Amino acid sequence: MSRERNYNIELLRVISCILVVCIHVSNVYSRGYGEVSGGTYLFSLLTNCFSRVAVPVFFMISGYLLLDENVSLRKSIHRVIHTIIVLVFWSVLYYFWNIAYWDDRYDFTAMFEDPVKKHLWFLYAILGMYIALPFFQLLFKKTSRRLMEYFCLLWGFFLTLYYVLALADMEFTYTVPMVGNSSYLGYFVMGYIMRNFSKDYKLGTKTCFGIVLIVGLINVALTCYGTVTTGDHEEIYFQYRNPLIAICSLGVFTGIIEHGRIAFTEAQKSIMQMISRHSFTIYLSHIIFLDIVKEELEPFDLPGWIGIPVYTIGIFLVTFAFAVAADNAWKHLRTHLPAWI
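Counting in this note's numbering, the sequence shown runs without a single skipped number right up to 348 at its last residue.
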């Protein structure tokens, strides 16, 4: 019997999909500090900061859905192979795109350090999760609530410690396994924890989003201070290992999960399912259309409060149409390929 679709998760996926596009559009304006007006720069920081929850939420969605599954080596190996194929395909595609459009040749000796296109780092990170997934599934199903609380405490502590030390140009060579060596694994596990234990710590949707607003504004203020102090746009506070970004991400995820069953219309459910179905391809391909906007248009001709939402919505809609066509083509092609792909 198939599991009932959780439309709160679908909503989170759709929101995150749109916010990922907004991050990269906002980056264009934020990195134009000195060329854009103060109002445009501040607006870009606000949209940039609050959109940063998107990627951690993607990791939490994966943990929410996958860590609760029964252990299956066959399914895990299939996920790993599929992710490698996707990574290779998009790396090759962007390799030729960069040459054709930017006359920029990628050095493949850096392939294990830097992806062909920056946003493909997500595939590297999620691939590691999939490789180790059977162990995590077995481990966390045997974990008590008390040990989950211990995990959360340690992850939050080391996330903050390592980040603060990094701000002081101090890096840990030897990190603590699981709870301290990957912010992404922490987000992944937090999705599972929110699924199974959030009901024991009810904060309420309004409280969650209130925390998101306050913490996000603190992060914007820190970025403004760093930018004014150095004279250059400061991005260090927008890193996913920043505990402030983690709090905002957990607040958004928990706030929507805790809201309970949302009464969507059938039309709204259909739209969310369609976007959700193609969200991965939207994430992977939207940079092509962002590159075109940056090269062929003059984004700074529009003030940020107009340009950021207009370009975000425009790029999202064009990318969505492209993703539907691409995924349908791939679906047709797969019928002629081996079953293990």
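Worth double-checking, as some hints may not be accurate.
Think about it this way: if two alpha-carbon atoms lie no more than 16 Å apart in a straight line, the pair counts; the simulated EDC-like pairs of lysine to aspartate or glutamate are [said to hold, decoys possible]: (1) 276 x 76; (2) 206 x 242; (3) 124 x 110; (4) 301 x 42; (5) 124 x 298; (6) 148 x 265; (7) 125 x 114; (8) 213 x 265; (9) 124 x 114; (10) 209 x 265; (11) 125 x 298; (12) 209 x 156; (13) 149 x 75; (14) 149 x 42; (15) 148 x 76; (16) 125 x 111; (17) 206 x 265; (18) 124 x 111.
For each label pair, taking beta carbons as the anchor points, the in silico distance ranges come out as [unchecked claim]: (19) 174 x 278: 18 to 24 Å; (20) 11 x 308: 43 to 49 Å; (21) 204 x 173: 39 to 45 Å; (22) 316 x 102: 28 to 34 Å; (23) 77 x 301: 42 to 48 Å; (24) 128 x 182: 35 to 41 Å; (25) 316 x 275: 17 to 23 Å; (26) 100 x 268: 26 to 32 Å; (27) 204 x 107: 45 to 51 Å; (28) 76 x 284: 16 to 22 Å; (29) 161 x 77: 34 to 40 Å; (30) 275 x 301: 28 to 34 Å; (31) 77 x 204: 35 to 41 Å.
Please keep in mind that the hints were generated in silico from the structure rather than gathered at the bench. Predicted model only: the values in this text are computed from it and were never measured. Ideal Cβ positions, reconstructed from N, Cα and C, are used throughout, including at glycine.
Check each numbered hint against the structure and report the violated ones by number, ascending.
Structure breaks hints 1, 2, 6, 14, 19, 21, 24, 26, 29 and 31.
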